[in-house]
Every structure is written in structure tokens, then in C-alpha cells.
Amino acid sequence: MSRRKSYRLADITAKFGGELIGDPGVRVSQVATLEAAGPTDVVFISRPRYLGQLSNTKAGAAILGADAPEAQSIARIVCANPYAYFANVSALFNPAAPAVPGVHKTAVVDKSARVDKTSSIAAAAVIGKRVRIGRRVQVGAGCFVGDDTAIGDDTVLHSNVSVYHGCQIGMRCIVHAGVVIGADGFGIAQEAGTWKKIPQIGGVEIGDDVEIGANTTIDRGTLDNTLIGEGVKLDNQIQIAHNVKIGAHTAIAACVGIAGSATIGRNCALGGAAMIYGHITIADNVSVSAGTLVMKSLAQPGTYTGVYPFSTHQRWLKNAAQLRNLDELAERVRELEAKLGKDKGSQP
Amino acid sequence: MSRRKSYRLADITAKFGGELIGDPGVRVSQVATLEAAGPTDVVFISRPRYLGQLSNTKAGAAILGADAPEAQSIARIVCANPYAYFANVSALFNPAAPAVPGVHKTAVVDKSARVDKTSSIAAAAVIGKRVRIGRRVQVGAGCFVGDDTAIGDDTVLHSNVSVYHGCQIGMRCIVHAGVVIGADGFGIAQEAGTWKKIPQIGGVEIGDDVEIGANTTIDRGTLDNTLIGEGVKLDNQIQIAHNVKIGAHTAIAACVGIAGSATIGRNCALGGAAMIYGHITIADNVSVSAGTLVMKSLAQPGTYTGVYPFSTHQRWLKNAAQLRNLDELAERVRELEAKLGKDKGSQP
Amino acid sequence: MSRRKSYRLADITAKFGGELIGDPGVRVSQVATLEAAGPTDVVFISRPRYLGQLSNTKAGAAILGADAPEAQSIARIVCANPYAYFANVSALFNPAAPAVPGVHKTAVVDKSARVDKTSSIAAAAVIGKRVRIGRRVQVGAGCFVGDDTAIGDDTVLHSNVSVYHGCQIGMRCIVHAGVVIGADGFGIAQEAGTWKKIPQIGGVEIGDDVEIGANTTIDRGTLDNTLIGEGVKLDNQIQIAHNVKIGAHTAIAACVGIAGSATIGRNCALGGAAMIYGHITIADNVSVSAGTLVMKSLAQPGTYTGVYPFSTHQRWLKNAAQLRNLDELAERVRELEAKLGKDKGSQP
Numbered sequence: 001m002s003r004r005k006s007y008r009l010a011d012i013t014a015k016f017g018g019e020l021i022g023d024p025g026v027r028v029s030q031v032a033t034l035e036a037a038g039p040t041d042v043v044f045i046s047r048p049r050y051l052g053q054l055s056n057t058k059a060g061a062a063i064l065g066a067d068a069p070e071a072q073s074i075a076r077i078v079c080a081n082p083y084a085y086f087a088n089v090s091a092l093f094n095p096a097a098p099a100v101p102g103v104h105k106t107a108v109v110d111k112s113a114r115v116d117k118t119s120s121i122a123a124a125a126v127i128g129k130r131v132r133i134g135r136r137v138q139v140g141a142g143c144f145v146g147d148d149t150a151i152g153d154d155t156v157l158h159s160n161v162s163v164y165h166g167c168q169i170g171m172r173c174i175v176h177a178g179v180v181i182g183a184d185g186f187g188i189a190q191e192a193g194t195w196k197k198i199p200q201i202g203g204v205e206i207g208d209d210v211e212i213g214a215n216t217t218i219d220r221g222t223l224d225n226t227l228i229g230e231g232v233k234l235d236n237q238i239q240i241a242h243n244v245k246i247g248a249h250t251a252i253a254a255c256v257g258i259a260g261s262a263t264i265g266r267n268c269a270l271g272g273a274a275m276i277y278g279h280i281t282i283a284d285n286v287s288v289s290a291g292t293l294v295m296k297s298l299a300q301p302g303t304y305t306g307v308y309p310f311s312t313h314q315r316w317l318k319n320a321a322q323l324r325n326l327d328e329l330a331e332r333v334r335e336l337e338a339k340l341g342k343d344k345g346s347q348p
Numbered sequence: 001m002s003r004r005k006s007y008r009l010a011d012i013t014a015k016f017g018g019e020l021i022g023d024p025g026v027r028v029s030q031v032a033t034l035e036a037a038g039p040t041d042v043v044f045i046s047r048p049r050y051l052g053q054l055s056n057t058k059a060g061a062a063i064l065g066a067d068a069p070e071a072q073s074i075a076r077i078v079c080a081n082p083y084a085y086f087a088n089v090s091a092l093f094n095p096a097a098p099a100v101p102g103v104h105k106t107a108v109v110d111k112s113a114r115v116d117k118t119s120s121i122a123a124a125a126v127i128g129k130r131v132r133i134g135r136r137v138q139v140g141a142g143c144f145v146g147d148d149t150a151i152g153d154d155t156v157l158h159s160n161v162s163v164y165h166g167c168q169i170g171m172r173c174i175v176h177a178g179v180v181i182g183a184d185g186f187g188i189a190q191e192a193g194t195w196k197k198i199p200q201i202g203g204v205e206i207g208d209d210v211e212i213g214a215n216t217t218i219d220r221g222t223l224d225n226t227l228i229g230e231g232v233k234l235d236n237q238i239q240i241a242h243n244v245k246i247g248a249h250t251a252i253a254a255c256v257g258i259a260g261s262a263t264i265g266r267n268c269a270l271g272g273a274a275m276i277y278g279h280i281t282i283a284d285n286v287s288v289s290a291g292t293l294v295m296k297s298l299a300q301p302g303t304y305t306g307v308y309p310f311s312t313h314q315r316w317l318k319n320a321a322q323l324r325n326l327d328e329l330a331e332r333v334r335e336l337e338a339k340l341g342k343d344k345g346s347q348p
Numbered sequence: 001m002s003r004r005k006s007y008r009l010a011d012i013t014a015k016f017g018g019e020l021i022g023d024p025g026v027r028v029s030q031v032a033t034l035e036a037a038g039p040t041d042v043v044f045i046s047r048p049r050y051l052g053q054l055s056n057t058k059a060g061a062a063i064l065g066a067d068a069p070e071a072q073s074i075a076r077i078v079c080a081n082p083y084a085y086f087a088n089v090s091a092l093f094n095p096a097a098p099a100v101p102g103v104h105k106t107a108v109v110d111k112s113a114r115v116d117k118t119s120s121i122a123a124a125a126v127i128g129k130r131v132r133i134g135r136r137v138q139v140g141a142g143c144f145v146g147d148d149t150a151i152g153d154d155t156v157l158h159s160n161v162s163v164y165h166g167c168q169i170g171m172r173c174i175v176h177a178g179v180v181i182g183a184d185g186f187g188i189a190q191e192a193g194t195w196k197k198i199p200q201i202g203g204v205e206i207g208d209d210v211e212i213g214a215n216t217t218i219d220r221g222t223l224d225n226t227l228i229g230e231g232v233k234l235d236n237q238i239q240i241a242h243n244v245k246i247g248a249h250t251a252i253a254a255c256v257g258i259a260g261s262a263t264i265g266r267n268c269a270l271g272g273a274a275m276i277y278g279h280i281t282i283a284d285n286v287s288v289s290a291g292t293l294v295m296k297s298l299a300q301p302g303t304y305t306g307v308y309p310f311s312t313h314q315r316w317l318k319n320a321a322q323l324r325n326l327d328e329l330a331e332r333v334r335e336l337e338a339k340l341g342k343d344k345g346s347q348p
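Just so you know, the sequences run in chain order A, B and C. If you use the numbering used here, the first sequence closes out at 348, no skipped numbers anywhere. If you use the numbering used here, the second sequence closes out at 348, no skipped numbers anywhere. If you use the numbering used here, the third sequence closes out at 348, no skipped numbers anywhere.
Among these hints, one or two may not hold up.
Label pairs and their in silico Cβ distance ranges [as the list claims (entries may be wrong)]:
no.	chain 1	residue 1	chain 2	residue 2	range
1	A	P69	C	H279	18 to 26 Å
2	C	K129	A	T303	39 to 47 Å
3	C	P39	B	E328	33 to 41 Å
4	C	L317	A	H279	15 to 23 Å
None of these hints come from the bench; they were simulated from the model. For every residue, glycine included, the Cβ atom is placed at its ideal position computed from N, Cα and C.
Just need the whole structure built from these sequences, with the hints factored in.
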């Protein structure tokens, strides 16, 4: 952390655009929160209502939206999308560690596998037969990569990732620890009170620029491949069942479950713990709120929600008791309407 | 894939029964979807409404139910349960890879462990003291098997599975990557504002023919064993707490949580993300819908559901606002009824 | 199990207090359930309603609350908090296995790491650069500990745990198999229909006496650290997002998800599968019921619930249909009230 490279604000706007207000020679080298920032740190504010906090920060510079008022003493970069600008600046300050080429002596690489010499295979990793690993790939400690799987250039597998046989992972992907790709889907057929396993002979195909959060699982297809489109971002502990297709640039928050053969469109957003039924289709640009179970196809873009509103336990008890009889309550209202209609009619 | 063994349709019906309609000499070697199938592939249709798609497939043969209309040009096997028949055919075409006997040189097997010489211990696997591993078992790369645990014949542990000490896994089980069996249950006793750990001295006992999906966790018992009955099928990312008992041939979809000391009957089906309270008992042949939280024992077979119906966010906002006041709404209906009863009574 | 150490009841009350009724010389060596207990086992009953079962147990002694009736033939210890007393007795009978000092020959420890010589690094574990591992620490098989991470005295990592770089774990923690600590938080900024990654440069800081259940994930902070307070107990498959803060001695059941930047107070209890929105604050001493989604900050202690009550599927269909139109039903009640008010007003 000590010999961090620093940049002048003018260097930053030259690189990423935006309007620089204040001293272009201010040198910054890291991003920080408003509270923790010091004079070599950059902060950002994406929502106008937090602008008031700027007066207390010790940051060297701020990234602000065009709606920021002008009366600020701090050096600042004004831009259209402060959060994305911040992402660029932070990536500049915090480049990902490059692969240290080589296969660790405790790693086990099958002699039929092709591992580019620029790639890194960490300790206790195991690489199967005919695996193809591209350039500058990092395979973390304790990872397993099954036979015939391919991993594209610049992809990183963190530690203890399991990728089964016959899967394809694109370029520039980030796969976090504990992820399992290509396990058998839950294909079982009932016969005489027991379950027969359906062999899962498809694979998993993951596009470029996909990030997969820790302990997420993506099952292989029953017959064809499970498909994850390019630029999809998956948070932790997501379950993606067999035969699912997820369109490009869709973002899915943690703990979501997507049941078998569901198709999710492009540029969708699924909130945490949302659950998607099997065999349904969700259009492009759909947002599903956290905790919502979607049991029907959605053909129209928009935001969909289905969450029981929480309350104190006492109020919940009362309301839930009525909910259990809601159909009866509706019937009583119908009766009242009928009665009142009749009563009224009887009064001239 | 290239030198796949092929079968005549007559061979298949000789093996699995069903009525063969069309050329018994048609040779097939793989199962496929209707869209992807070619002349050496078999397709199946389990629901009559998909039968129309048969006319476009290039498949060599189809597996159909007895309700399939006769006017089909494709060679076909008609049977009572097409999905189970398909499972049999796919298993015939896609036999599981046998164990390649031997202990990899990077695996660590305690000298007191007994590993049958027909079994396979993959690279970087670690086998504890007094572990007993049966015949033709496959222990995947990076697995850990704790002291005194036993694994039955023909069971497969995929990569990076952790089995704690003192557990028993039956025969012909399939345990997918990242599964954890036998971790401590969540046993804590409150005292003076802090939590004391209750040692979890039971184990986990898993019957024969159980499949366990990726990253599922099954905790050891507090005093006695957590029990998973024979033929139980568990999908990915299921959490089974300490002291749970699951009856034989129950199937549980992904993301389900079963709290401590719950007892689930035989031949039950739990939909994805269903949640089962602790200390309750669920009878045999119960189905719980996806996303349903069961907080009471269920003594009767049947299907149980409790899911907030989703809608557009705008409609949800309106309905949820009323749900928060449902008890009051019911009271207003009661008042209307009382008033109307009185009004009515006052009219001779 | 055979040469287990035994204790006289008098030894136990001398150590942990409580009132001993019956023969102080009874020797016991293990805890058990009422059904399984034999003459050298101790049982406990925390709720008066189970006291009737005491008459059938073969246990050597029982731990009971002050509310237990006196007419019991079994030797017994009467105390204020039988469950906590049982925890103490069980811990006495079942001490955790101590670390067997040493680094396994297949473990890989970077030469810049400092591992106390009393600690144990198991087979296939990988320890990064400048890692500091305290005294009597146990690092399980297949674990990965990233650069610059520190692990406090007497902490246990079970098998296949992944701890990323730059994290801190306190003393006497227990981290179960498959846990991932310090993976990148889900920080993405949208720009032109694609997602930019926000580097996650904070770490994770875990206090003393924390237990973390199997396959739980705790993400590193975006800028500052994600914080888990001392004495926090986390069950399995919990997801804790970046920048979350959890107060001391809070207990969280399995499958809970806590979204980014949420702050949870001290001594809270979150039921299984509860979901906490991002950027909200929950006060000390709040209980959230299982399956409840909390979408607003909670400033007051108390119990909060929001769960759709389950029923048979048929009843659910009827009630859910009405719930979809609840706003309309409320409007109809308003109309009835208006009409009835008018009607009534028109009657002198």
C-alpha cells in the first residue's frame, strides 16, 4: 500500500473525461469513503442528498454529478455518471493483480491439458484431461477443472472452485471461491415410488466478462448447455439450474434461485433471494424485486414485486389471521353489496 | 463422444419394454432435444401438448406416452411413463464413468484408513484416520473425509466435498462438489447476553442411493444422528440442520432450508426455496410448493402453499398497503354487517 | 469413545453450580437424549412440559430447571438455565480436539508467513504471503488463506475454507467447511447497458468467539471493512454482503441474506431465511422471524414478522386470488361505508 502510484486530477479527466473544477495538480492515489478519506483520496457522491456531507470530508477531490451545486471548496470532477466514473478511477488506482506465470509444484495438470505459459496454476489445483486454459488465466489454490473444459484468456478462478468436465468459460471472467460450475442438474423421473436419475449430458457455457460470486452454483444442462450470456454479473450463493439461459448483461443479486429451463432476458435485474420458476420466460429489461417468487412468464419490461410486508409480530398475527380467510371476507363484502343493493332498491 | 455405442430400437424395447411402432432396426446412440436431434438420436415427449413438435424433429426415434396419437411418421416406443423410460435409455447411452482404481500420489490417506483397492482417491484429497471406503468408490479432487467416517460401495464424491468425522454415507450415493456433510449444527445456549456452544456429538447417516446437489450442507446431530433416508434426492444449496430426519425417496429442490429437529416423511416433495420450521413433523406424501414456509406440523398428505402472489410493483404497492391493514378492513366489514343487520331489522 | 473420562455429579455442581438432589457419587461421562441415555449419561429438560418423559429414561442424572417438580426418582441438578448448564456439561465431556502442532508436508506455506509453532496446518492447505497465524490455530485440509490475512489464537478453520487476502479473524473462532471470507462484494456500476466492476478494496474483520456455519459467505468491503462483532454466531449458508456491520452477540440462523451496507445491532436474532435489505439499520435486540424480508430500518427492539401463512394449495389459490385484488376490495368496503352512511343518514 505504501508505494501506491499517484495521479493528478488532470491526468484523470484526460483519461476519463468530465469537467475538472479546482486545482488540476492535486495528486490522488486511492478512493475512500467520505469519513475515512485523506488528502490523497478521491471520494464520490452519486446522490444529491449526500452532498451536504462533503463539507466535512478531508478528501483531496470528489467525483460529483452535474446536479452538484457549485459552492464547494473541494477540487472536483463533475460528470454524468459519478458511480461509473468512480468505478473507472478505482480500477485505475487498484489494478487487478496479474497472473504470475507458472504451474505450482503441488498442482496436478494432466499431460493432455494445454495451459498457456502466461497462465498461473496455484498450489493444490487439479486440471483434468484435454483442458484448455488460455492466456494470463489464474487458477486459484485447490481448484478443480474437469476434463475437456476450456477457460478463456484473462479469466480468474479464485480458490476452491470446482468446474466439472465439458464446460466453457469465456474471457475476462471472475469466478469467486467455492463456485461450482457444471454439477448435474436435478433431473429425476419417478417410477414406482422411487427416483431414477436422468443423466445430465449437456454442459455449461459462460460468455465473456461474467463475474460469479462465492459459492454460487450453475448446473450443466440435461441435453443442451446451460447458457450464461456475456457480461452477466452474479452475486454470491445463487443457484442456476439445468438448461437455464440468462441473457447478456443481466445482473443477479445474492441468494437468487432460478429453476430448470427458465429463460431470463438481457439487461434484467433480479433482486436478492428472488426465485424464478422453471420453464418460464422473462423478457429483456425486467426487474424483479428482492424476495419475489416469479411463477409465470413475463413478456413486458417493468418491475415486478411479491413480498409480504413485514410488521411487528403482533400486527402480523392479526393480519395473517385475516389473510387466511380473505376469500371468505371477499364473499362477505359481496353479500353486503348484494344486500345493500336490494335494501336500497326497496327504498323509493 | 465419437465412438459411441449404438443400439437398435428392438434392443431397447427388449431391455425396457414398451411397444415399438416402426422399423425395429433403427440404430440410435444418444438422447437429444427435439430441436437438436439427428437421425441417431432419441427424443421423448412426456406431455401430449408437445406432440405437435414431433413433426419437425430430425430424430431417429421418439419415446411417447400411450396417449400419443398414432399418426406419426417417426419410429417410436410407446410406454406408460415416457420420462422414466427416457431416464433408462439415457442411462444406457451414458453410463457413469467407472472409478479408475488407485490413490493419487498427491492424495493423503491416513495409514489407519481402509480404502478398497477398486476405489479411486483423486489428487489433493485427504482421508482421515480409520476411514472406511468401500468398493468402486470415487473420491474427487480436493475432498476431505474426516476420521471414522464410512463411505459405501459405488458412491461418488465430486471435487472439494467436505465430510466431517464420524459420518456414514451409503452405497451408490452421488455427492456433488462443495457439499459439506457433518458440520456442527447451530446449537447455542444463551447466558448473560452471550452464546455458549453446545457440542454437536451426533453424526450424519445417509442411506443408499442418495444424491446430494452442489454446495448443499447437512449438519451433524446434537446428540443422535441426522438421518437422510434411502433414495432421497437433494438438489443444490439445500440446508439441512442438525437432528433432521428425512424419509426415504423424498425429493427436495434447490435452496430449501430445513431447520433443526424437523422430521420429513417418505415420498415427500419440497419445492425450491421452501423453508421448514424446526421441531415439526411432516407426514408421508406431502408436497410443499416452492417458496412456502411451513411453520406447523402437517399430518395429512396433500399440497401446501404459502406464496405472496407477485404483480407489477405499482399494483403490489397498492395491495400491500391494504394488507398491512387487513385486520382493520375485516373489522370494518364486521361493522357494516352489524349495521346492515340492524338497519334491516329496523325495516319491517 | 471407550475410555471416556467420567465425573461425579458432585464434581459437576462444584464446577458449574446448581442444586444437586440425589446421590452425589453418581458417575456420568456423556450427554444423551432421554430415549438413548444409559446410566452413565446425563439428560436435560429445558421445558416443564417434557418433564413427564423423565420417568422412562434410563439416564444416570438429569439437568432440570427450578420449576421441575420434586417427585423425581432420578439424581438431578436443578439450576436456573438448564440449556446453558447442559452446554457447560457437554463441553466438559466433549472437549474440542486440540491442534496437533505442525505443517503437513503437502501444505504450502509462503516463506514470508508467520505460523506459530503450536498451530496445525493440514494437508493440501495453502497459506499466502505475510499471513500471520496465532497460537494453537487449526487450519483444515484444503483451506486457502490469502496474503496479509491474520488469524487469531485458538481459531479453527475446518476443511476447504477460503479466506481472501487482507482479512482478520479473531481468537477462538470456528469457521466451518466451505466458508468463503473476503470475496469481492457485488459492486457494479451501470454504463451504456453494461456493468463496470467497482474494485473491492476493503477487507473483512471478524471479532473473537465468532462461529461461522458451513458454506456461509462474507464479502469484503468496497472501501472500508465488513465487520462481524465479537461473539456473533452464524449458521450455514448465510450471505453477508459488502460493508455490512453486525453487532456483538447477534445470532443468525441458516440461509439468511444481508444485503450491502446494512447495519445490524447487538444481541439481535435473525430467523432462518430472513432477508435484510441493503443500507438499512437494525437496532440492538431486534428479532426477525424466519422467512421475513426487512426492507426498512428498525429503530425499536421487538419481534418483526412478514410471512405469507401457508395453507392447502386449494385454499391458497382462493385467498391469493383475492389478495391480488385487495386494493379493490378495500375500495368496495369504502363504497359500502359511504353508501350505508348516506342511507343511514336518510333515515330519520
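Problem - C-beta pair K129(C), T303(A): status relative to the range 39 to 47 Å that was hinted - result: Check passed, 46 Å falls within 39 to 47 Å.
Handout entry: H279(A) and L317(C) - C-beta distance against the hinted 15 to 23 Å
Key = With a Cβ separation near 20 Å, L317(C) and H279(A) satisfy 15 to 23 Å, so the hint holds.
Exercise for the section: Check the following: the C-beta atoms of P69(A) and H279(C) are separated by a distance inside 18 to 26 Å. Expected result: The hinted range 18 to 26 Å holds for P69(A) and H279(C), with Cβ atoms some 24 Å apart.
Problem - Outcome of range test on Cβ distance (P39(C), E328(B); 33 to 41 Å) - result: Check failed, 59 Å falls outside 33 to 41 Å.
In summary, the structure is inconsistent with hint 3 from the numbered list given earlier, while agreeing with all the others.
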